[in-house]
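> Residues per chain are reported as follows:
Number of protein chains: 2
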Amino acid sequence: MADSILNIIKKRRSIRHFIQKEVADSILLELVEAAIWAPTGGNIQMWYFVIVKENDILERVKAFSPGLLGDPACLVVICSDRKKAFEKAGTLGKDELCVMDIPMAAQNLMLLAAEKGLGTCPVGSFNKKAISRILELPEYISPDLIISVGYPADDAKPPKRKGIGEVTFMNKWSVNI
Amino acid sequence: MADSILNIIKKRRSIRHFIQKEVADSILLELVEAAIWAPTGGNIQMWYFVIVKENDILERVKAFSPGLLGDPACLVVICSDRKKAFEKAGTLGKDELCVMDIPMAAQNLMLLAAEKGLGTCPVGSFNKKAISRILELPEYISPDLIISVGYPADDAKPPKRKGIGEVTFMNKWSVNI
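The listed protein sequences correspond, in order, to chains C and L. Each residue of the first sequence is one higher than the one before, starting from 17 at the first, in the numbering used here. Each residue of the second sequence is one higher than the one before, starting from 17 at the first, in the numbering used here.
Isolated chain C, as found in the complex (with noise of 0.2 Å):
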């Protein structure tokens, strides 16, 4: 039976020790095309996954990705292409467009492997230029977040989470809920 979304959203964490145990293609093609259908601003679609398995450019990113911690066993690298969020929607698209559908992207990819029992981790700390050239991008495409994927070695404990009534308010700042 389905898990309730919520569940799979709180259960859900950044995982950082995994084992060694190789991620299926199409596992994680399935983990993309959940990322394809997140929102995306007047439909542009301007991103691009490069699905890294190869130990050889794993390891070279992972020398450029100091946020990057553990061994897992692949990574999704979500990239933009700003050229083309530039042309359909100017600045907005290039500056805010991108920034807010790269992370929703991700966000659906990481629900879907928590369902199905992997460990992810957004990475926002590294290279960008140094990521661009192992991964061979064009000048156009910018590597905007790093998600590792892997199968976790342990139940990682959530972290505290602030409470609803403290970051909730009704109508305005001053009205708590």
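Among the clues, some could well be false.
Listed next, the in silico DSS-like pairs over lysine-lysine satisfying Cα-Cα at most 30 Å (straight line) [claimed, not checked]:
(1) Lys178/C to Lys100/L
(2) Lys26/C to Lys100/C
(3) Lys132/L to Lys27/C
(4) Lys178/L to Lys178/C
(5) Lys132/C to Lys99/L
(6) Lys132/L to Lys99/C
(7) Lys178/L to Lys69/C
(8) Lys144/L to Lys100/C
(9) Lys37/L to Lys78/L
(10) Lys178/C to Lys104/L
(11) Lys100/L to Lys26/C
(12) Lys145/L to Lys178/C
Pair ranges (Cβ atoms, derived) [stated by the list, open to error]:
(13) Asn59/C to Lys144/L: 23 to 33 Å
(14) Ala79/C to Gly179/L: 25 to 35 Å
(15) Asn23/C to Asn192/L: 32 to 42 Å
(16) Ile180/C to Leu85/L: 26 to 36 Å
(17) Ala146/C to Asn23/L: 36 to 46 Å
(18) Gly83/L to Lys173/C: 18 to 28 Å
(19) Asn71/L to Glu75/C: 13 to 23 Å
(20) Glu155/L to Ser42/C: 46 to 56 Å
A few chain L residues that don't get close to chain C, going by computed Cβ distances all over 12 Å [as the list claims (entries may be wrong)]:
(21) Glu49
(22) Asp72
(23) Lys99
(24) Glu112
(25) Ser148
(26) Pro168
(27) Trp189
Calculated from the structure, these hints are not laboratory results. Backbone N, C-alpha and C fix where the C-beta goes; we use that ideal spot for every residue, glycine too.
Given the coordinates of chain C, work out where chain L should sit on it, guided by the hints.
Relative to chain C, chain L alone:
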């Protein structure tokens, strides 16, 4: 029986026509709960959520939000505390973590809403200064994304999406899957 997450991901549409039906506060709080379980870089949790249901305020927000279409019963304005993000993680926090955390939180919110039969639309096109004034936000709080929420008036057709083969590469840009 719960729907599979991939089905929910695919059935979520950006909705711009709503029926006049109130959304219960208890549901809105569940949506916020889903949002706060999205990844947040360094567990900074710099987000705040302003639920707008009062008609006067909703209309004033609409007047300054060209991207906000239809008559949603309510809005969730997702805000970030840029000062806190800067204090905790420097410019990386202010400029990068915020722009990742907010859309990921939004995507959780929109997926749970879709599971509950609600329609949503992420809106990035609005006058930030005006929205800050209307919601009486402190100067260090940035309204980053408006999510309209309501019961959809009709089944929106899915937009065309690219095939996975068009946007996915293996190990480097030159290798299509």
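> Can you give the numbers of the hints that this structure goes against, from lowest to highest?
Hints 2, 4, 5, 6, 18, 19, 21, 22, 24, 25 and 27 contradicted; others consistent.
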